[in-house]
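Guided by the hints, dock chain L onto chain D, whose structure is given.
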Amino acid sequence: MVDDAGQEISLPRPAGRVIALYGAFNEILDGLGRAEAIVARTNADSTPPRIARLPVIGTHMRPNIEAVLAQKPDLVLQMTGRKEASLPVDALKKRGLRVAVFHAASFAELMSVIRRVGVLTGAPAQAEDMVLGMEARLAALDAKVGATAQRPRVFFEVRSPNMLGAGDKGLVAEIIRRAGGVNCVTERAKFARLSEEELLRLAPEAYLIQRGPMNPAPLPLAKRPRLRTLPAAQNGKAWFVDERKYSRPGPQSIDAAEELAGLLHPELAAKTQAKHTAAPKAGARSKDRK
Amino acid sequence: MAERGGDMDAPGSEAGRAVCTAPAQNAAQRPCKRPGRSLALGSALLACLLATVVLACGVGSYPSTAGQTLLALLQALGLRAGDAVDPSLAVVIVDIRLARVLLAGLTGASLAVAGAAFQGVLRNPLADSFTLGVSGGAAFGASLAILSGIAGEAALAGEARVLPACALAGALTALGLVLALARAGGGPLSGLRRETVVLAGIVVSTFLAALISLLKSLDEESVASIVFWIMGSFQGRGFEHAALAWPYMLLGAGLVFWRARELDVLALGETQARLLGLDAGRSRLWLLFGASLLSGAAVAISGVIGFVGLVVPHLIRLLLGAGHARLLPASALLGALLLIWSDVAARSVLPGGAELPVGVVTALIGGPFFCLLLARKSLGGKGREGGA
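Protein sequences appear in the order of chains D and L.
The first sequence finishes on residue 289 if you use numbering that gives the first Met the number 0, and the numbering steps up by one all the way, no holes.
The second sequence finishes on residue 387 if you use numbering that gives the first Met the number 0, and the numbering steps up by one all the way, no holes.
Chain D extracted, bound-state conformation (with noise of 0.2 angstroms):
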């Protein structure tokens, strides 16, 4: 097994005590049916709600060494996103734990990921299972909104008011690609830093405002009078959503896809959701409230 890395992993027996320095490997592992493997957790992640309980063991960039080996775990996974991130899996291999390091920035690359975190915790089939399921209702998805020749310009907004937007690269552009919407910023990065004036020329006609803690209290489009004139406030379409949701490569991706077509293409909810009972109902939606 060779980690996103390009090291190679190889484990005497499935992990049994599993330390993910990043949360959204703790949501795969609950799918996987493995989330008692979980012996830690960090600061800022506490779902799934059975780990709430375990002991914290620092951060996500910043785990704290002393904690993370006196969990004892035969596997750590860490998820490289930020540049930091991979300077904790130096300290931590060099006291002789075995860290694998994943990468994922596309439905493709999530289901490779969990793939081989299946393999490395004894439940590939159930990994499988996960993948096959991800993979038909990203075909379903795409069947349903491939036919619609409307597609509006999205802004996705990861962060305010130091304004950071998502780039063309990464998981989120490809949940707005699929969601049937364009992303209005085209930089080739993971993140675009613009400005108010830059977002009024890209004009987008959907804003997608996430809430999390990259972004822990943004104010509602409707509340920021420089943008005012935007498409996106004009016509009402911005909305809220969870950051943890879209953000974060994970199970839940998947969901992020199938509620942003929904948000994007109302006359094609109704279907979808009768067809695919895992997509969200409409009162799960975060709407952009005062």
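Read the hints as simulated data drawn from the structure, not as lab findings.
C-beta atoms are modelled at their ideal positions from N, C-alpha and C, and glycine is treated no differently.
Check the hints yourself; a few may be wrong.
Covered stretches of chain L (in silico footprint by chain D; criterion: 3 or more residues with CB under 8 angstroms from a CB of chain D, positions within the stretch not fixed) [as the list claims (entries may be wrong)]:
{"no.": "1", "region": "53–66"}
{"no.": "2", "region": "92–99"}
{"no.": "3", "region": "234–246"}
{"no.": "4", "region": "350–356"}
Partial pick of chain L residues on the chain D-facing surface, computed with a CB cut under 10 angstroms [as the list claims (entries may be wrong)]:
{"no.": "5", "residue": "Asp85"}
{"no.": "6", "residue": "Leu88"}
{"no.": "7", "residue": "Ala89"}
{"no.": "8", "residue": "Ser216"}
{"no.": "9", "residue": "Ala223"}
{"no.": "10", "residue": "Phe227"}
{"no.": "11", "residue": "Arg346"}
Think about it this way: if two alpha-carbon atoms lie no more than 25 angstroms apart in a straight line, the pair counts; the simulated SDA-like pairs of lysine to any residue are [claimed, not checked]:
{"no.": "12", "chain 1": "L", "residue 1": "Lys215", "chain 2": "D", "residue 2": "Ala66"}
{"no.": "13", "chain 1": "D", "residue 1": "Lys168", "chain 2": "L", "residue 2": "Leu355"}
{"no.": "14", "chain 1": "D", "residue 1": "Lys189", "chain 2": "L", "residue 2": "Pro350"}
Positioned in the frame of chain D, the structure of chain L alone reads:
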């Protein structure tokens, strides 16, 4: 940080001529500048500033022609009726660009005047709002607000002024601390002495910097917001921020300008000031309070912007001499000009509509420029001594 050569090198000491009590030790200094020169420079700066307001509104990533810019500005002033301009462009030119020009102008002027006042009161050529911990206090107040989520919750309730208010409160608290410490350190009879004020300022700002580091290390997710705020930027700011800050700026400027002559007297030194009948401690207190209001309000809306308060008064002193009646207004004008164009650069140099923090731009311009000033000054000083 202490000045290099005692009274002789203090920035305000030339002002001795302005009040006609120049002690003999000032003889080595360059002659008083012609009075006509300050008028000419003042009007030139004012003309530049007026032209700048219009020109700076024409620069940005949203495509606009000069005609559209003028039309939108006239429309905003109510001089031109109708909707000749596309509404998005009107928002860009008036609500974003003009608002930022106004904010940058106010902030630049405030920082420059505050810098001139700090340097005059403390007779330290490197004094500014950093030295006194005022910037550090504002930065700490803002970091605390970001970290605790007060700013965020308030923002949800539609109150975008909480962050600036916390910053201003931090700035004034820091000043209070510095003054209390200076009083305690200077002994009961000494009043407010400049040496102890500078030392107390350095102590408080170092401690505040440590506290900010503590806040940053407590929460990784807030680091980006805190760092961005501390680096100083006008991104996402608008008229509502100007509305928040101008009363404090006006009050601070009033206090400083009202006591411009006292700055000249203070520059002569403790003994001379007392001989001239000035209560130096009291006068310093008011001036410091005024200058802190100015820089606190500036930091509150823009974050920490360095070098404006340092470079601008120095440059004006080179051109006009150190009489504060001329130095202060000229510094205000030049400070406004400098920061407006720095902000224009900050929002237009990067491709793809990305922005630089304006504090980075002023540091990039100000650092080398300040070195040049210092080199020129020391070379010039040697030349004059050689000729005497």
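Query - Hints not upheld, ascending by number - result: none
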